[in-house]
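Chemist: Below are the chains, spelled out letter by letter.
2 protein chains.
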Amino acid sequence: MSSESEEQQLSKKAAKKEAAKLEKARRRQEAASLASSTSSLSVEEDPYSSNYGDVPLLELKSCSQADAGDWSRSVASMNWTEVGALTPEMKETEVLIRGRAQTIRPVGKNMAFLVVREKGFTVQCLATAQSDGVSRQMVKFVAGLNRESIVDVIGIVSIPDVPIKGATQQELYCVNKATPNLPINIEDAARSDAEIENALQSGVQLPRVNQDTRLNYRVLDFRTPANQGIFRIQCEVATIFRQFLLSENFVEIHTPKLIAGSSEGGSAVFKLDYKGQPACLAQSPQLHKQMSICGDFGRVFEIGPVFRAEDSYTHRHLCEFTGLDVEMEIKKHYSEVMDIVDRLFVTMFDSLNERCSKELEAVGRQYPFEPLKYKPKTLRLTFEEGFQMLKDSGVEVDPLGDLNTEAERKLGQLVLEKYGTEFYILHRYPLAVRPFYTMPCYDDPLYSNSFDVFIRGEEIISGAQRVHVPDYLAERAQACGIDVNTISMYIDSFRYGAPPHGGFGVGLERVVMLFCALGNIRKTSLFPRDPQRIAP
Amino acid sequence: MSSESEEQQLSKKAAKKEAAKLEKARRRQEAASLASSTSSLSVEEDPYSSNYGDVPLLELKSCSQADAGDWSRSVASMNWTEVGALTPEMKETEVLIRGRAQTIRPVGKNMAFLVVREKGFTVQCLATAQSDGVSRQMVKFVAGLNRESIVDVIGIVSIPDVPIKGATQQELYCVNKATPNLPINIEDAARSDAEIENALQSGVQLPRVNQDTRLNYRVLDFRTPANQGIFRIQCEVATIFRQFLLSENFVEIHTPKLIAGSSEGGSAVFKLDYKGQPACLAQSPQLHKQMSICGDFGRVFEIGPVFRAEDSYTHRHLCEFTGLDVEMEIKKHYSEVMDIVDRLFVTMFDSLNERCSKELEAVGRQYPFEPLKYKPKTLRLTFEEGFQMLKDSGVEVDPLGDLNTEAERKLGQLVLEKYGTEFYILHRYPLAVRPFYTMPCYDDPLYSNSFDVFIRGEEIISGAQRVHVPDYLAERAQACGIDVNTISMYIDSFRYGAPPHGGFGVGLERVVMLFCALGNIRKTSLFPRDPQRIAP
Chain C
1 MSSESEEQQL SKKAAKKEAA KLEKARRRQE AASLASSTSS LSVEEDPYSS NYGDVPLLEL
61 KSCSQADAGD WSRSVASMNW TEVGALTPEM KETEVLIRGR AQTIRPVGKN MAFLVVREKG
121 FTVQCLATAQ SDGVSRQMVK FVAGLNRESI VDVIGIVSIP DVPIKGATQQ ELYCVNKATP
181 NLPINIEDAA RSDAEIENAL QSGVQLPRVN QDTRLNYRVL DFRTPANQGI FRIQCEVATI
241 FRQFLLSENF VEIHTPKLIA GSSEGGSAVF KLDYKGQPAC LAQSPQLHKQ MSICGDFGRV
301 FEIGPVFRAE DSYTHRHLCE FTGLDVEMEI KKHYSEVMDI VDRLFVTMFD SLNERCSKEL
361 EAVGRQYPFE PLKYKPKTLR LTFEEGFQML KDSGVEVDPL GDLNTEAERK LGQLVLEKYG
421 TEFYILHRYP LAVRPFYTMP CYDDPLYSNS FDVFIRGEEI ISGAQRVHVP DYLAERAQAC
481 GIDVNTISMY IDSFRYGAPP HGGFGVGLER VVMLFCALGN IRKTSLFPRD PQRIAP
Chain E
1 MSSESEEQQL SKKAAKKEAA KLEKARRRQE AASLASSTSS LSVEEDPYSS NYGDVPLLEL
61 KSCSQADAGD WSRSVASMNW TEVGALTPEM KETEVLIRGR AQTIRPVGKN MAFLVVREKG
121 FTVQCLATAQ SDGVSRQMVK FVAGLNRESI VDVIGIVSIP DVPIKGATQQ ELYCVNKATP
181 NLPINIEDAA RSDAEIENAL QSGVQLPRVN QDTRLNYRVL DFRTPANQGI FRIQCEVATI
241 FRQFLLSENF VEIHTPKLIA GSSEGGSAVF KLDYKGQPAC LAQSPQLHKQ MSICGDFGRV
301 FEIGPVFRAE DSYTHRHLCE FTGLDVEMEI KKHYSEVMDI VDRLFVTMFD SLNERCSKEL
361 EAVGRQYPFE PLKYKPKTLR LTFEEGFQML KDSGVEVDPL GDLNTEAERK LGQLVLEKYG
421 TEFYILHRYP LAVRPFYTMP CYDDPLYSNS FDVFIRGEEI ISGAQRVHVP DYLAERAQAC
481 GIDVNTISMY IDSFRYGAPP HGGFGVGLER VVMLFCALGN IRKTSLFPRD PQRIAP
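Protein sequences, first through last, are from chains C and E.
Heads up: the first sequence is residues 1 to 536, going by the working numbering.
Heads up: the second sequence is residues 1 to 536, going by the working numbering.
Derived from the structure by calculation, the hints contain no laboratory data.
All figures in this text were calculated on a predicted structure; none of them were measured in a lab.
Some hints here could point you the wrong way.
Just so you know, same-sequence chains aren't split out, so a pair can sit in one copy or run between any two.
What the hints assert, rightly or not - Here are the computed lysine-lysine pairs in the BS3-like style, where the Cα-Cα straight-line distance is at most 30 Å:
| no. | residue 1 | residue 2 |
| --- | --- | --- |
| 1 | 109 | 391 |
| 2 | 91 | 377 |
| 3 | 177 | 331 |
| 4 | 91 | 275 |
| 5 | 391 | 332 |
| 6 | 331 | 119 |
| 7 | 410 | 373 |
| 8 | 391 | 119 |
| 9 | 375 | 358 |
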């Protein structure tokens, strides 16, 4: 039994050979499986029949009873070892593992190789008839397993000198059978574009699993090493976000997603009936996080779903995503908010690189990317400086308008060339392109105390100081053409003494997408929702 | 300037006197405020006029410029000290604080007391005319402040020998004015029932703020020390929940709240139109957390909103609450899930008592409660044992039915008497009262591998092993009268090899409510949603 991440064994050069081999192996296995089911070996005649078999449902309901079956007795006194935790030090010891039958290769009638995968880690098991406790019938049972079935294996750890060679298996139980016809093969789903291209040049056409098929069978798609990595990285992003903010005296809040009216106006809102009242789903926790500041919590953050009924079918928009939202009192200047963004994200990138190296490697193996370039102290440019850089390079943009996606990308390139960073803050945006509650600049009301943050040329964070004086807020709303009556509750929240404050919002899926340069937000959302998809 | 939580100063005996005094002070202040606005003192003639005043909006947009006003210059070189962080060691030093003008008491024309509150902590400031830099005009300005306005105060810390005496103030700026007519007075909102009763016995009728008024003006209600405590405790519950599970190799996930069809059936679901398709809001992350287990994440958890369109108007039901959900692979027995519940909640209770002692005290001052009684190792009783205890005490319940709220309370009492704990697990529930996807017991299909957990006689957690074999799951659904076609996506998720697994769900608001014995879930939800309320 040799433990290592199978992917680590594969150099890029070996990849295409391996891919072709896997295809053949699969066909061989399917044939063998068919053959074995029609062969004449009888389990009844096997003296070792208690060492393998399907675990009955009754046992799976509980194996704590002494009168349960073979599997129950075998596992009663053993603990499971994780496949990823198998080490050379365990050589010659007996272990129990649970995982999926990833690939099965019968070799004649006396031998079967079985690769067992658990959470993206694999180990190769070998069953040889005539060795202790292993019969030809057991080899047949192994050869006949459906891929992706859950199996328990008891075996002796061996560390082969040459990879994929030697290993012994003593008992094997099928805990839960998978259907024989899988809509996606994990090997296919785990393959990089480069592997497919390389194989094609050798005349081998390997299957490519497209994004829609992946999402339709997400349960299978999740099992690739890249996806195991992506969602563990996502978990780490949220963990670091929280840890950092808690250490800075922020309080985590949970604001309602069901609200009367629409949170920021506009048509991109999901409407519903709430006990006879018109209601909608919150497009952001903006109102309620500001109310929490008015309620003296000082500094708050929230991690929760955000709903946008937008029709945008792009690589970066979803109808539901996970918002990371922050709001805080400002003592003097909106740079206090940018300071939090700066330290929070530098801490996050440092921690990801340190704590998720295995996961980042797994992602990179299927979707190669360059590590993000960022500085220990984040670069801050004013909008006017950014405008000038674009102008100097020949790109015409409106000095008091917003940047479109193309201009943002271009500016990202220019910043990378000039400052060597792919992560920077652009602040003092033109007032006209920000929401009405954005505080104008003290020295020039054409600009505002606001900022956007970019990763790899894409906007990822939007933040600002808010107007905290109710009469001025109403004035700003009116100036922006908003009917003040429709937002009276919002404005009234500031009448009971509101401290100066500001905040920002980030999409969790975008952070992971851009940190790993994944190019499509559907890759970093567990069960993505876009205008065309609401399942599974 | 004396720093201490004002509430700590109040012994219960002194409380009613204080309450009556506050009422008088408020009336006095309102009179003084009126008087000062019509008096003839002129700011123009005041040589110290730069030491106080309203901070203009322009300065609040930024004070980083040298040409800004009085406030800007004063705070330019100083850092703010939190009111809660003021200590006797700071005696005689100059500090800058920001907080709310909680109570203002002019004494003649030369003196004004001002209690400044920040995050539930208070400090008393004294402005005396003729002392350095303080004029009668400044005293007038202080006396005329609206309560709950945000102020910056620069002063010298003094630690008086007798509480509420002595303190000096040098500068005071009003950062943001509150409206003069507050719908709720914080002192009223912070008062305990006992204080009101005591005052009544002395013939003083103090205002009582009812729950609906509190919720209508939640921004003011949040400012009471009890509410400051409640939502910091809530934050800590979620923090411990995450920390514990992450340390046990769980992965945090974010499942969609917008789903096609209804998650667990029934009518208690919010329906909406999703781009022309019928959709609804998830009543639990049940399906998607199980799919994540089928996707090999091994152990997952989620903290997120849960939507129930129920008509229940009780002390413990909300239409939207924060669900703490867990799902995990089971190796052998559903007790593995109960082990996690046991260790997670004992860790949580220990940590809350240790890390939130100030907050628990603040809550207890307004809403007195006994600390929760629990054991280092959580008591587990089978449903049959619970049934027998009820029967022995003369309570008739259906041996294969569910316990109603009354029976649950009674059992809680019996368990407390017999075992000395208010936190216990009741498992092996009758199969008939659990959802169709619950795994039956191996030895008696009338019972199931499921459990509920109780705090102070109320159910707080529901959990179980799930059926992971697709054909058997379909069989169970049919037996429960469910049309299998409507849940085919759910059942199909298990066809690609599902490991045995189980999990549980908890409501965050209920944990806080029952840990602090608060009696109404609206007290522990930031912005509660019930059949009659969708605002603010």
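Chemist: Now tell me if each hint is right for this structure.
Modeler: Structure-based check of each hint:
1. 109 <-> 391: Answer is neither; intra-copy 73 Å and inter-copy 62 Å both fail.
2. 91 <-> 377: Neither, since 47 Å and 37 Å both go past 30 Å.
3. 177 <-> 331: Answer is between; shortest inter-copy Cα gap is 16 Å, intra-copy 61 Å.
4. 91 <-> 275: neither (64 Å within a copy, 57 Å between copies)
5. 391 <-> 332: neither (33 Å within a copy, 66 Å between copies)
6. 331 <-> 119: For residue 331 and residue 119, the Cα distance is within 30 Å only across copies (15 Å; inside one copy 47 Å).
7. 410 <-> 373: For residue 410 and residue 373, only the intra-copy Cα distance (16 Å) is at most 30 Å; the inter-copy one is 62 Å.
8. 391 <-> 119: For residue 391 and residue 119, the Cα distance exceeds 30 Å both inside one copy (50 Å) and across copies (48 Å).
9. 375 <-> 358: Classified as within; 23 Å inside a copy, 40 Å across copies.
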